[in-house]
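K.L.:
The chain contents come next:
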Amino acid sequence: MTRPRPLRPLLPLALVLVLTLAVTPGGAQSPQPKYGGVLVTAPLTATPSLSLHEESTVATTQQASPCYNNLVYFDPAKKQESLDTLIPELAEKWSWQDNHRNLVFFLRRDVGWHDGKPFSSRDVKYTFDMVRGAPDAAARLKVNPRKLWYENIEAIETPDPATVVFRLKRPQPSLLLMLASGYSPVYPAHVPLAELKNKCIGTGPFKLKENRPGEYVEYVKNPDYFVKGRPYLDGLKFVVIRDRSTQIAAVQSRQLDVAGSGWNRTNAEDAKAGAPKLVVVEMDNNVNDNILINFKRPPFNDRRVRQAINLALDRKAYLVGPRQGAATFGGALLPRPAGVWGLPAAEVTKLPGMGDAARQKAEARKLLAEAGFGPGNPLKLTLSTRALAIYVDTASWMVDQLQQIGVEATLEQIESGVWHPKMTRLEYQVALNLTGIGVDDPDAQLFENYRCGSQRNFSGYCSEEIDRLMIEQSQTLDRAKRLALVNEIDRKLQADAARPILGWAKQHWVMWPHVKGWVVHENSIYNVSRRQDVWLDK
Amino acid sequence: MRVYVLKRLVIAGVTLLGMSVLIFVLMRLAPGNITDIIFESAGYVDEADRRRLEIELGIDRPVPVQYARWLGDFLRGELGKSYRYDLPAWEVIKPRLPVTLELAVLSLGFSVLLGVPTGVISAVRRGRPLDYLLRVVSLAGLSMPSFWLGMVVILALVRSLGWIPSMTYVSPFENLGANLFQFVLPSLAVGYRSSALIMRITRSTMLEVLREDYIRTAWAKGQRERLVVWRHALKNASLPVVTIIGIEFAFLIGGLIVTETVFNLPGVARYLVDAILVRDYPIVQNLAMLIAVVVVLANLTVDLVYTWLDPRIKYGKA
Chain A
1 MTRPRPLRPL LPLALVLVLT LAVTPGGAQS PQPKYGGVLV TAPLTATPSL
51 SLHEESTVAT TQQASPCYNN LVYFDPAKKQ ESLDTLIPEL AEKWSWQDNH
101 RNLVFFLRRD VGWHDGKPFS SRDVKYTFDM VRGAPDAAAR LKVNPRKLWY
151 ENIEAIETPD PATVVFRLKR PQPSLLLMLA SGYSPVYPAH VPLAELKNKC
201 IGTGPFKLKE NRPGEYVEYV KNPDYFVKGR PYLDGLKFVV IRDRSTQIAA
251 VQSRQLDVAG SGWNRTNAED AKAGAPKLVV VEMDNNVNDN ILINFKRPPF
301 NDRRVRQAIN LALDRKAYLV GPRQGAATFG GALLPRPAGV WGLPAAEVTK
351 LPGMGDAARQ KAEARKLLAE AGFGPGNPLK LTLSTRALAI YVDTASWMVD
401 QLQQIGVEAT LEQIESGVWH PKMTRLEYQV ALNLTGIGVD DPDAQLFENY
451 RCGSQRNFSG YCSEEIDRLM IEQSQTLDRA KRLALVNEID RKLQADAARP
501 ILGWAKQHWV MWPHVKGWVV HENSIYNVSR RQDVWLDK
Chain B
1 MRVYVLKRLV IAGVTLLGMS VLIFVLMRLA PGNITDIIFE SAGYVDEADR
51 RRLEIELGID RPVPVQYARW LGDFLRGELG KSYRYDLPAW EVIKPRLPVT
101 LELAVLSLGF SVLLGVPTGV ISAVRRGRPL DYLLRVVSLA GLSMPSFWLG
151 MVVILALVRS LGWIPSMTYV SPFENLGANL FQFVLPSLAV GYRSSALIMR
201 ITRSTMLEVL REDYIRTAWA KGQRERLVVW RHALKNASLP VVTIIGIEFA
251 FLIGGLIVTE TVFNLPGVAR YLVDAILVRD YPIVQNLAML IAVVVVLANL
301 TVDLVYTWLD PRIKYGKA
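Here the protein sequences line up with chains A and B, keeping their order. Sequential numbering from 1 applies to the first sequence in our numbering. Sequential numbering from 1 applies to the second sequence in our numbering.
To be clear, the hints were calculated from the coordinates, so they are not data collected in a lab. These numbers were taken from a predicted model, which means no experiment stands behind them. One or more of the hints may lead you astray.
Covered by chain B, per the in silico footprint, the following chain A stretches (three or more residues, Cβ under 8 angstroms) [to be verified]:
no. : region
1   : 171-177
2   : 192-198
3   : 214-220
4   : 404-410
5   : 413-420
6   : 489-500
Lysine-lysine pairs mimicking DSS-like chemistry, simulated, CA-CA at most 30 angstroms apart [stated by the list, open to error]:
no. : chain 1 : residue 1 : chain 2 : residue 2
7   : A       : K228      : A       : K481
8   : A       : K237      : B       : K81
9   : A       : K228      : A       : K79
10  : B       : K94       : A       : K142
11  : B       : K314      : A       : K207
12  : A       : K228      : A       : K147
13  : A       : K117      : A       : K228
14  : A       : K209      : A       : K481
15  : A       : K272      : A       : K296
16  : A       : K228      : A       : K209
17  : A       : K142      : A       : K199
18  : A       : K350      : A       : K361
19  : B       : K94       : A       : K199
20  : B       : K94       : A       : K237
21  : B       : K235      : A       : K142
22  : B       : K94       : A       : K209
23  : A       : K209      : A       : K538
24  : B       : K81       : A       : K209
25  : A       : K147      : B       : K94
26  : B       : K221      : A       : K197
27  : B       : K94       : A       : K207
28  : A       : K516      : A       : K34
29  : A       : K197      : B       : K314
30  : A       : K199      : B       : K235
31  : A       : K296      : A       : K209
Note that beta-carbon positions come from the ideal geometry of N, C-alpha and C, so glycine has one too.
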């Protein structure tokens with residue numbers, strides 16, 4: 001007689017579970033986070049100021065985000081940012097009301113500013129009235145790069161110190177994503193705006209210790225941080241090192257714990273070659289190389305000319321050449337799986353420039369001939385780009401590609417300081433540009449770069465149909481329907497050769513193994529710099 | 001002498017006035033202004049906001065008015081406000097001056113300590129193996145840009161020792177040892193190039209002086225070599241050397257941009273270039289003027305040192 005063994009059927013399951021835990025890194029006994037230590041890293045560049053609402057460079061989000069909080073933020077632990085990865089920060093919870101016309105935030109009551117003043121709904125109203133440029137705003141930003149994000153807000157109300165209501169002109173589910181961006185911290189209403197350029201009074205995990213403009217920004221732990229047990233670090237220091245070789249030497253010599261902002265694959269490999277213990281992280285990046293073709297200047301208003309230029313640029317050659325094997329391809333929105341809203345992979349392979357190079361170049365020549373250009377009357381153009389290596393490398397490659405279809409292209413390097421002003425005024429013919437997308441969301445990417453009259457619509461592209469579809473997708477609540485609409489817009493943009501995308505670059509970080517919790521997101525570089533969960537295993 | 005100094009001061013004043021015009025005009029000739037740069041970093045341009053900023057910063061006024069206002073402020077010691085950082089210009093410049101001065105002085109010190117003796121030895125041992133060796137070393141110094149040498153030294157150190165000098169500036173008032181440690185490599189890298197120049201000038205002038213009758217007389221009198229070479233010959237050969245040292249010092253004050261970048265030293269040279277790129281007019285104009293003042297003073301000092309080195313030189317007489 002055998003003994004009954006009721007758990008026997010579960011044995012295979014248990015075995016699978018044990019094996020899975022054994023082979024999965026996360027399944028291994030995770031080390032307990034340790035408190036203490038100062039993490040030193042190098043930002044992309046010196047930040048022009050610490051005022052996040054007035055700047056548009058990742059250098060500022062890197063160096064100012066540890067000081068502030070948003071109403072909501074993207075979960076640092078999740079690689080992909082989306083509506084599903086939002087976590088509360090200053091807002092304990094939120095609620096859509098009145099058919100998505102009102103967005104109500106219920107604020108934490110235990111939050112204080114670094115100078116000891118209490119945080120309240122007044123600060124939220126002050127911040128977002130200022131950013132949206134409300135006529136009765138208490139402060140006015142001299143430069144307001146993200147006003148467009150908040151143009152759908154009709155009013156902000158504060159029924160009590162712990163409640164804020166954003167009243168919208170139309171439903172806009174993506175508003176939450178913009179509010180979660182690293183560019184959307186809540187500012188203190190009691191501190192004059194001008195003071196926040198060089199100092200920082202936030203509610204965040206780190207308090208400013210010293211800001212030496214152009215040299216370093218140093219933080220110390222905020223002992224009163226409202227997230228109990230955070231941050232782990234005693235301090236955080238951003239040392240500006242301009243020279244890339246010096247950055248590599250600094251991380252190899254352990255003067256930096258983490259480096260890599262703005263690095264390419266070769267930089268990361270060089271660093272690891274000299275210090276094999278360094279951990280390299282290569283990940284997608286919501287930054288694209290795009291071609292600006294001036295719609296206001298003939299013959300570039302001719303769709304055939306634009307399509308010819310787009311077809312001539314062999315994307316496979318782009319990948320192995322300027323991007324050294326580290327890029328992905330897609331349409332106007334970051335391709336999946338890293339991106340949320342990109343075209344399906346099957347469609348991406350059929351985009352202009354993705355097919356057989358010889359055949360596409362022949363097709364490009366045919367289109368140019370139809371537009372009146374050929375060996376006897378070659379298309380002559382000036383290809384403008386920013387006088388920075390990362391731009392010039394790709395633009396030089398473009399000149400060569402265009403010459404292969406008989407286009408006589410001349411490279412013009414524009415000094416970095418006047419690049420955007422020149423692009424805004426459409427003072428170019430064709431240009432190679434890099435665009436970083438603040439939030440992986442159609443409302444951020446499409447409205448900024450493709451809408452008629454947008455200040456960042458550098459190609460002068462304007463289509464009433466696209467504008468209508470943009471508004472439609474923006475207020476569509478069903479996510480599948482919205483994705484279909486967004487893909488439809490993307491297809492039309494690609495067919496129109498409106499700001500063709502060459503590719504989406506990858507980011508490369510290197511860090512010493514003792515750095516834990518330094519996460520990198522695959523669909524944005526701007527929204528991951530709070531660093532309250534980073535710790536040093538020393 | 002007093003008349004000469006007064007004359008030189010007047011000439012220096014005129015030179016500085018000319019410099020001020022040049023600096024001011026050159027900055028205005030560069031494309032774009034600070035408002036372009038501010039919007040550049042914002043990634044777009046709002047023309048109405050840009051215009052508002054121009055008025056606020058006073059750069060909407062006619063250029064001569066802007067020049068007169070700046071010059072008046074400079075003469076009164078008011079350096080204005082950094083457009084970029086929204087901080088008083090002096091507050092931004094002040095911490096950077098000692099960094100560059102220290103680097104320049106240490107580099108120059110090293111170059112003199114190395115350049116003058118090797119130049120003398122090379123001249124005295126002319127045509128011998130030691131002379132050839134020293135000339136090769138000096139030629140190498142002239143051929144290698146200091147920033148390249150600095151980078152090679154950094155790479156060699158990190159590869160062999162896993163160590164490089166601190167990437168964050170350490171003030172001598174905080175920790176003198178650490179500060180000197182940080183400055184040794186960059187000043188050696190910069191000083192080596194300057195020392196090569198000084199060595200070659202010293203060698204050629206020493207060769208000339210060593211052929212002079214009074215040196216031959218000294219040898220004939222049985223004077224010791226040390227006395228002949230170091231006291232009689234070197235003192236008389238030192239005028240061109242002092243001139244070169246003065247020029248080198250002036251060059252070092254404004255010309256250390258790449259070395260400061262490679263060694264991540266927050267000096268004025270690196271900052272001046274940053275300020276030019278962002279059209280931070282108050283910083284560029286005031287900093288360039290301060291450098292011009294140092295250059296003019298260095299030259300004046302060199303001229304005055306001549307009289308001490310060679311008592312036959314009398315200023316103020318036709």
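K.L.:
Are A/K237 and B/K81 close enough, with their CA atoms no more than 30 angstroms apart?
P.N.:
27 angstroms, holds
K.L.:
Between the region 489-500 of chain A and chain B, see if three or more residues pass the 8 angstroms beta-carbon test, and mark the coverage as holds or violated.
P.N.:
violated (count 0)
K.L.:
Mind checking the alpha carbons of A/K209 and A/K481 for me, to see if they're no more than 30 angstroms apart?
P.N.:
48 angstroms, violated
K.L.:
Are the Cα positions of A/K209 and A/K538 separated by 30 angstroms at most?
P.N.:
23 angstroms, holds
K.L.:
A/K142 and A/K199 were given as a pair; does the straight-line alpha-carbon distance stay at or below 30 angstroms?
P.N.:
17 angstroms, holds
K.L.:
Measure nothing beyond the straight line between the CA atoms of A/K228 and A/K481; if it is 30 angstroms or shorter, mark the hint as holding.
P.N.:
40 angstroms, violated
K.L.:
Take a quick look at whether A/K350 and A/K361 sit within 30 angstroms of each other, Cα to Cα.
P.N.:
15 angstroms, holds
K.L.:
Under a C-beta cut-off of less than 8 angstroms, do 3 or more residues of the region 192-198 of chain A approach chain B closely enough to confirm the stated coverage?
P.N.:
holds (count 3)
K.L.:
Can you confirm whether the C-alpha distance between A/K516 and A/K34 stays at or below 30 angstroms?
P.N.:
Distance ~10 angstroms between A/K516 and A/K34 Cα, so the pair holds.
K.L.:
Need the status of pair A/K228, A/K147: alpha-carbon distance at most 30 angstroms?
P.N.:
With a Cα-Cα distance of about 34 angstroms, the restraint between A/K228 and A/K147 is violated, given a limit of 30 angstroms.
K.L.:
Does A/K209 sit within 30 angstroms of A/K296, going by the straight-line distance between their CA atoms?
P.N.:
50 angstroms, violated
K.L.:
Check whether the Cα positions of B/K314 and A/K207 lie no farther apart than 30 angstroms.
P.N.:
With a Cα-Cα distance of about 63 angstroms, the restraint between B/K314 and A/K207 is violated, given a limit of 30 angstroms.
Figure legend: structure checked against the earlier numbered hints; hints not met, in rising order: 1, 4, 6, 7, 11, 12, 14, 15, 21, 25, 26, 29, 30, 31.
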